[in-house]
Amino acid sequence: MSRGDGLGCAVAHPFIERTVLALWSTVSPARLSIASWDDDDLAVVYDKVTGDTHLIESSAIEILRLIEKSPASAEAIAHELADLISADDQDKLPQFISATLLQLRDLGLVTDTPV
Amino acid sequence: MKISEVPLAELARLLRCGDLLLRLTPFVARVASDVPSLAQDIALMYADFDICPPNVFADFHVQVWRDSGVRRWIKPQARFSFDGQPSFTGLPVAQAFAMLEWGLNWCVAAHSHQYLVIHAAVIEKNGKAVVLPAPPGSGKSTLCAGLVMKGWRLLSDELALYELQSGLIYGMARPISLKNQSIDIIKRLAPDAVMTAPVPDTTKGTIALLRPSVSSVMRVKEPVQATWIVLPNYVHGSPPILAPHSRARTFMLLAEQSFNYDTQGQNGFDAVTALVDRTQCYQFTYSSLDDAQRVFDNLLQGQV
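Protein chains in written order, with the working numbering: chain X, 1 to 115; chain R, 116 to 419.
No wet-lab data here; the hints were simulated from the structure.
Small disclaimer: the values here were computed from a predicted structure and weren't measured.
The C-beta atom is built at its ideal place from N, Cα and C for all residues, glycine as well.
Accuracy of the hints is not assured; some may be wrong.
As the list claims (entries may be wrong) - Each pair of labels, with its calculated beta carbon distance range:
(1) X:I85 x R:Q416: 58 to 68 angstroms
(2) R:E337 x X:Q90: 40 to 50 angstroms
(3) X:G51 x R:V350: 32 to 42 angstroms
(4) X:R105 x R:N375: 27 to 37 angstroms
(5) X:D38 x R:T318: 35 to 45 angstroms
(6) R:S403 x X:D106: 17 to 27 angstroms
(7) X:R65 x R:P315: 48 to 58 angstroms
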C-alpha cells in the first residue's frame with residue numbers, strides 16, 4: 001500500500017459506491033498480528049495463514065482495529081473515525097475509507113459481505 | 116589451542132585429513148581441503164580462533180576439493196561440498212578461501228533456525244551495539260570495517276544471529292569481506308590491517324578478507340542487545356546524513372534481509388517487532404569513513 005493512499009484527494013471516487021453497500025470485517029482477528037509505532041505513520045501486519053507481512057499506512061490500522069471488533073459498513077467506519085480527522089479533511093474521509101478497504105481486501109486482510 | 120599456535124604444515128595435514136575443527140562460536144565447522152593455499156589463508160584470517168579436538172561434535176562438515184583429472188592442471192577449479200555433497204558451481208582454485216567463506220555463510224544461513232539469521236553487520240562499543248542491515252552495494256562491509264579499525268568490536272560482517280527468545284544478538288567475529296575499491300580504502304585507513312591477497316574476477320569483483328581484531332575474537336561469546344539499527348547508504352560525494360528512519364520500513368528491510376524470516380512464522384514477526392521496538396532506527400548516508408567515525412562517536416555519546 002503506497003503512502004499516496006491518504007487523505008489527498010477531494011474528488012468523489014467510484015470506489016465509494018463499491019464499498020458503501022457492504023459490511024466489512026477482518027478475515028479473522030486471530031489471523032492477523034499488527035505492529036505499529038507512535039512515531040511512525042506506517043505499520044506492519046502479519047497474516048498467520050499466508051505467512052505474508054504487509055507494510056501499510058498506520059491509518060489503515062485504525063480501520064482494521066475497528067472492524068476487528070465487529071463488522072461495519074464504510075459509512076459506520078467513517079462515523080467512528082470522524083473524531084480523529086480534522087474538520088478540513090472530513091469531506092475526504094469516505095473516499096479514503098473506501099480506497100483503504102479495497103486495498104486491504106486486495107491484500108487479503110479484510111472481507112466484504114453485501115448487505 | 117588457537118590456529119596461530121599450529122604450525123602451517125600441521126594445519127595443512129589436518130585439512131587434508133578432514134580433522135580441522137574450527138570453532139566459529141556458537142558453531143563448530145569440520146573443514147577438509149586439498150587446496151594448499153587454503154591452510155595459509157585460514158592461518159592468516161582465523162589466527163585467533165580456537166581449534167577443537169577431533170572428537171568434538173561439528174555442526175557443519177564442509178570440504179573444498181580440487182577437481183580431479185585434467186581440470187587439476189588446466190585452469191584448476193575447486194568445489195565446495197557440504198556433508199559430502201557438492202553444493203555449488205566450481206570456482207578457480209585461487210578463489211578457494213572466498214568459496215569456503217561463502218559456503219560457511221550458506222551453512223549457517225540455511226540451517227540455523229534456532230536464530231533469526233539476518234544479513235547484517237553488527238558492531239559494539241561501550242556496551243552499545245549497532246545493527247547494520249543492508250542489501251549488497253550499500254557500503255555495509257566498508258562501513259563496518261572502517262569502524263572496527265577505529266575501535267568498535269566486530270560481532271559480524273555478514274550474519275547477525277538474533278536469538279528469538281532473549282533478543283540477544285550473536286556474531287561469529289569472522290573475517291570481513293571487502294570488495295573492489297573498499298580494499299584500498301581500508302588499507303589507507305588502517306595500514307596495519309591484515310588482509311588476504313586480493314582475488315580478482317570473482318562474481319563480486321575483486322575481493323579480499325580482513326582479519327578481525329584479537330579482542331573481537333576473544334569476546335565472541337558475548338552477545339549484545341541492539342541499541343540502534345542503522346541502514347547504511349553509500350552515496351559518492353555525499354555529506355554525512357544520519358536521519359531517523361521509519362520503524363515499519365526498517366522492519367520490512369530486516370525481514371527481507373533475513374534468511375529465515377518466513378521459516379520462523381509468527382515467532383519471526385514477534386522477534387523483529389521486539390527488535391524494532393527497543394532500538395532507534397536511522398538511515399546513514401555517507402561517502403567518507405572519517406565522517407562515519409565522527410557520526411558514530413556522536414551517536415555513542417548521545418549527541419544525535
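Going through the hints against the structure:
1. Separation of I85 (chain X) from Q416 (chain R) is about 42 angstroms and departs from the stated range, judged on CB atoms against 58 to 68 angstroms.
2. Restraint check, E337 (chain R) to Q90 (chain X): a C-beta distance of roughly 56 angstroms breaks the suggested window 40 to 50 angstroms.
3. Between G51 (chain X) and V350 (chain R) the Cβ separation comes to about 35 angstroms, which falls inside the hinted range of 32 to 42 angstroms.
4. Distance hint check: the CB atoms of R105 (chain X) and N375 (chain R) are about 30 angstroms apart, consistent with the given range 27 to 37 angstroms.
5. Separated by about 44 angstroms at the C-beta atoms, D38 (chain X) and T318 (chain R) satisfy the suggested range of 35 to 45 angstroms.
6. Under the hint 17 to 27 angstroms, the C-beta atoms of S403 (chain R) and D106 (chain X), about 44 angstroms apart, miss the expected range.
7. Between R65 (chain X) and P315 (chain R) the C-beta distance comes to about 56 angstroms, which sits within the given range of 48 to 58 angstroms.
The earlier numbered hints that this structure contradicts are 1, 2, 6.
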